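With chain A held as given, fit chain B onto it using these hints.
Protein chains in written order, with UniProt numbering: chain A, 1 to 347; chain B, 1 to 347.
Derived by calculation from the structure, the hints in this document are not laboratory data. Among these hints, one or two may not hold up.
Which copy is meant is left open, so a pair is good if it fits within one copy or across any two.
DMTMM-like, lysine to aspartate or glutamate: derived pairs with alpha carbons at most 20 Å apart [to be verified]:
id, residue 1, residue 2
1, K171, E181
2, K261, E205
3, K259, E205
4, K80, E58
5, K217, E286
6, K80, E286
7, K261, E277
8, K217, D275
9, K165, D180
10, K33, E46
11, K290, E205
Note that the structure is a prediction, hence the values are computed from the model and not measured.
2 protein chains.
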Amino acid sequence: MSAGINVAILGATGAVGTEIIQLLEERNFPIAKLKLLASPRSSGQEISFRGETLTVEEVTADSFKDVDLVLASAGGSTSKTWAQTIVDAGAVMVDNSSAFRMEDNVPLIVPEVNPEAASQHQGIIANPNCTTILMGLAVFPLHQVQSLQRLIVATYQSASGAGAKAMAELKTQAQAILNDETPTATAFPYPLAFNVFPHNSPLNEQGYCQEEMKMVKETRKIFGDSQLRISATCVRVPVLRAHSEAINLEFAEPFAVGKAKAILAEAPGVELREDWENNYFPMPNEATGKDAVFVGRIRQDISHPCGLELWLSGDQIRKGAALNAVQIAELLVKENLLKTTASAVSV
Amino acid sequence: MSAGINVAILGATGAVGTEIIQLLEERNFPIAKLKLLASPRSSGQEISFRGETLTVEEVTADSFKDVDLVLASAGGSTSKTWAQTIVDAGAVMVDNSSAFRMEDNVPLIVPEVNPEAASQHQGIIANPNCTTILMGLAVFPLHQVQSLQRLIVATYQSASGAGAKAMAELKTQAQAILNDETPTATAFPYPLAFNVFPHNSPLNEQGYCQEEMKMVKETRKIFGDSQLRISATCVRVPVLRAHSEAINLEFAEPFAVGKAKAILAEAPGVELREDWENNYFPMPNEATGKDAVFVGRIRQDISHPCGLELWLSGDQIRKGAALNAVQIAELLVKENLLKTTASAVSV
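The shape of chain A in the complex, shown without the other chains (with noise of 0.2 Å):
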C-alpha cells in the first residue's frame, strides 16, 4: 500500500460525494486511483480530481475488483446491495447511510469520539447521522471528564439533510414567496421556505421519528452507553446546508460553566464562538464550508443544579457527512486496518 491505496466513491455525483471528492483532493489522500461509481442515470459525468478529468462509472459486479477502500454516499439500499460484494472483493467500506449503523459487527465512529472501535470493522465502518456527529463533538468530552446523565435536543436542520434536490427547492420555494407565488413542495412534503416543520422521516409507535431516534441510538453506540436517557426533537428550517441545535445537559453532579468551556476550547474538531458582547453566538451560514462544528453560548441550566445548555452549528455536508467519512478513511490507512479479515456481513 505504500505506493497508495485504490479508492472507489458510491455516489459521487451526490452531495455529499461531490464534496467527498473535494476532500480527499483537499486532504492530499494517499490515493493510487480513484473510481466514481454511480447509477447509471449519473454514469458518464465527468469530475475533475487533481487537475484530471474523471468519468463517473455506472457500478456493476466488477466495479470493486483491485479497490481498496469504498465510501459509499448512495442512500441506504444502494449501501445494501452492494456491501458483500465490496467485503467480498476485499476492500473496506465506508457507509454513510444508516443501513449497517446499529448492527453490532459494524463500529459506528467519529474520529474524535471512537476512533478505537475502528480496530473492530469486518468489511464495514458506518459513518453516523450528521445532527449526531454534530452533538457528539459538543457532548462527549463533557462526558468524559463527568458522567452525563440525560440529553435533550432540538434541532434546526437545513434542507442538504434531504440532498441537493432539496436545497435548490428551498431556493424556488422561496422566490415564489418572494413573488407572491405559491411554492410547491416535492423533494419535501411542505413547503420549508419561511416555514419550519417537524423532520418528516417515518415516525415509530412512541411518535419518535427517525432521525430522531438516529440521535438517540446512535449516540449511545458511539459513547458506549448503552443506558445514556436522550430525547430529541427534529426540526427542518429554512437554512441551506448547515445544521444548528439547542442541547440541554444533565450531569450526575453540577457542572461548572468555566469547566465546560475550557474542555471545548481543547476538544477536537470544535471551535467555540461565543461573544457575549456582541450576542455573537455560532449561526449556520457562518458554519457552511467550515470543518469545525461551531458551540457557544454554554450556560449553566437555572432550571437544574447539575444542568447546562449550549447551542451548536455545523456543516451538514461536511463534518456531518464528508468529512467524518474521509476522516475515518485516513484513520483506517493510519492505523493500518484497511486490510479486512472476515466477510460476514449482515444485510
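Relative to chain A, chain B alone:
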C-alpha cells in the same frame, strides 16, 4: 357604558396596533369612539375602521380625556411615558410592552389561563410576551391536571417579533441571497434569511437573554407558581410571522399521552393538529393569521418516565400579541372592570 366604550390605540400604525384595530372590528368590540394615537412621525395617517376613515393623532397629555380603555403597543418606553397620564385620566391600560409585566400591582394575563387576576388591576394590565402566551395556552391545561415540575423549551421565532421592519428585511435579504448578492442587516444584527441565530435581546450574567427570561418569569407569574423550574433557548428563524416551540415537560408523576391529548383537544384557544400517518403537525405558515395555537407531536419523553414532549406553532402578532390584548379588553368589559379604583403606577 351601555352606549359603548371609548377606546384609544397607542401605537396604532405598528404591526400589532394594526392587527388590534382589525380585531376590534372583526370581534365587534363595543366601541363608542375609537382614537388612534401614534408618534408625531406617524400622525396624519388614515386607517379604515368599520367603514369610516380615522386619522392617526399625535399622542399628547390631553389624548386620554374621556377614554375608558387604552390598548398600548408602542414599546416599553412609550408605555412608561404615558402610563400615569392614562391612569390619572381614569382609563384602564392594556399594555403590550414588557414595561410593567413583572410589577406586583399589574396583572399579567392570558385570558384562557388566569382571567381571575384581572380583578386585581389598579389601572394597568400587562399582555405577556408572545412566546410566553403561546406556551402558556398549551401547557397550563396540563399543569392544572397534574403539577408541572420542570419545563425546557427551544423556540423557532419569526421575524415579526422584531416588528414590520424586520419582516420586510427578511424578504429583502432572501432576495439578495437568491440573486447571489450579500444580504445586509439593520433590523437584526445578523442576516436572518437562510440562517438562524440565538435571540439577540440583552444577555444576563447567567447567559440567558431577555426573551428567555421573559418566558421563565412571566410563565411563573401567569401560572401562579413562583418556583416552577424553566429553562429556555430562544432562536430566531427565517419565518415571517408565526412562532414555533419545542417543549419538554416534566411532571411529578407519569402523564399518559392519551390523557394529555384529550385535555388539549378541549383546551380553550388550542387546536390539536396531529396526523401521524402523514407526518403532519403544526407549522408556522399554517398558523399565520389564525387565532388558535396549534399543538401536536405530543409524545412520551423516552428519556424520563414523567416527561412529555410537544410542539406548537402560533401567530406571533395575533394570539402572541394583538388578539390576547383584545381578549383582555373583552374580559374587562364582561367583568365590568373598566372603572379604575386606584391610580398608583410604578413607572
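Hints the structure fails to honour: 5, 6, 8 and 11
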